[in-house]
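Asks: Next come the chains, spelled out residue by residue.
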Amino acid sequence: MRHLMSPLDFTTQELDRLFDLAGDIEHNLQKYAHACDGKILATCFYEPSTRTRLSFESAMTRLGGRVIGFSDAGSSSASKGESVSDTIRVISCYADICAMRHPKEGAPMVAMEHSLIPVINAGDGGHQHPTQTLTDLLTIRSLGGSLGGFTIGLCGDLKFGRTVHSLIHALVRYEDIRFLFISPEELRVPDYITEMLKSKNIPYEEVTSLEDVMPRLDMLYMTRVQKERFFNEEDYIRLKDFYILDMAKMELARPDMLVLHPLPRVNEISVEVDNDPRAAYFRQAQYGVYVRMALILTLLELT
Amino acid sequence: MLNVGKIEEGFVLDHIKAGKSLSLYDHLGLDKLDCTVAIIKNARSNKMGKKDILKVECDINMLDLDVLAYIDHNITVNVIKDGEIVDKKDLVLPRQIKDVIHCHNPRCITSIEQELPHIFYLADPAKEVYRCKYCEEKYTERSKNKK
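As given, the protein sequences belong to chains A and B, one line each in that order. Quick note on my numbering: the first sequence kicks off at 1 and runs consecutively. Quick note on my numbering: the second sequence kicks off at 1001 and runs consecutively.
These aren't lab readings, by the way, just hints derived from the structure by calculation. From a predicted model like this one, the values you see are computed outputs, not experimental measurements. In this text, a Cβ means the ideal position worked out from N, Cα and C, and glycines have one as well. Some clues are possibly wrong.
[Said to hold, decoys possible] DEER-style ranges, computed between Cβ atoms:
no.	chain 1	residue 1	chain 2	residue 2	range
1	A	Met196	B	Val1092	19 to 27 angstroms
2	B	Val1092	A	Asp274	26 to 34 angstroms
3	B	Leu1122	A	Thr303	33 to 41 angstroms
4	A	Asp86	B	Asp1099	41 to 49 angstroms
5	B	Leu1033	A	Ile68	47 to 55 angstroms
6	A	Pro255	B	Asp1099	55 to 63 angstroms
7	A	Glu82	B	Arg1044	27 to 35 angstroms
8	A	Met196	B	Gly1005	26 to 34 angstroms
9	B	Arg1044	A	Glu14	56 to 64 angstroms
10	B	Asn1003	A	Asp86	50 to 58 angstroms
Work out the full structure, taking the sequences as your base and the hints as a guide.
Replies: Pasting the structure below:
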């Protein structure tokens, strides 16, 4: 039985197979409409998340399966003090697969250790969010043509942004990728990431100006400065508007550059950019459903 | 100079950093063993200037070498039988340690679920970096000193 805790749990060959399956789902949605008939997905969300939870629910529903679950800790037995390991033992009796989000880092791994069904980490604090990374990789592969041979700019909160950290770790396994880290000094990528890049001789630059590097980018991955990652409100207010992508900046970019964003966006991408053909973030959300469908099928061994 | 007699069967931990023998005593759980233990602090050493030594009269299998290696892999472990050294154990950094150090990341699941073991894995043998199995937070000297 396999689980998904980190995007690195799958080899690049396994990811290729997963993305091939997601591609087939995209073009032949009807073919998979009953692939999960009789199967149940449990969504155990200990903290609010509209997007990820609905994406999982949409994925399972499109596969013909059913969904049970809770969407905040208050409505679960966690509020009565039940441990994650006890909860998953019980959920294992009710469902065939579980997607878990938890504010504490490592909680889905605890669940995995005690589970009788596959567990998918749907986000654990500031640690991992592997299905977002799979979504990002599938989007890059589908819209960019391949996973490799490009310059990607990552912009915004690179210190606390778990999607950024996961994406970097996933991308370094592919050939010829150059990173441009665009952030204020206070929100730079952690040292362990730049050390890892150095050790692998992967080119990267750390800059503060988005305008300066726009012409060099094949892809721009924007992130939101997340209030919940700050202990200090003042720091959040000071940094939240540091980068705003608007049409003036888009004018500097290549005609085929892609703009990605894990969503939700607040104001870091102006709505005027939405109609630009290079804005790929809503298509990215669609790929999120396809990749979760492929993942559910793979973990349930229904491929 | 103080003299501590030979032991017949057990082990001698030599070249312990001066002053560290008591914390080793705790980590190895020697307080729970019903055997003779000699703690020698600040013994003269040609190599180290000062060193600590622990002499314990019990079966070597009762000693957790992984814990010892994590704390200080430069310690010499002499196995004693019939009053003589019969073996010297090499210490290598353990790939995983359990309940020796604790994760201090307030965002880690171990911070709220008290019954969970604190498991760390060796992430970088060259730099001797251990990371929490659950949250992958690096265990630092700063948090090591808190212990």
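Asks: Could you work out which of the previously given hints the structure breaks and list their numbers from low to high?
Replies: 2, 4, 7 and 8
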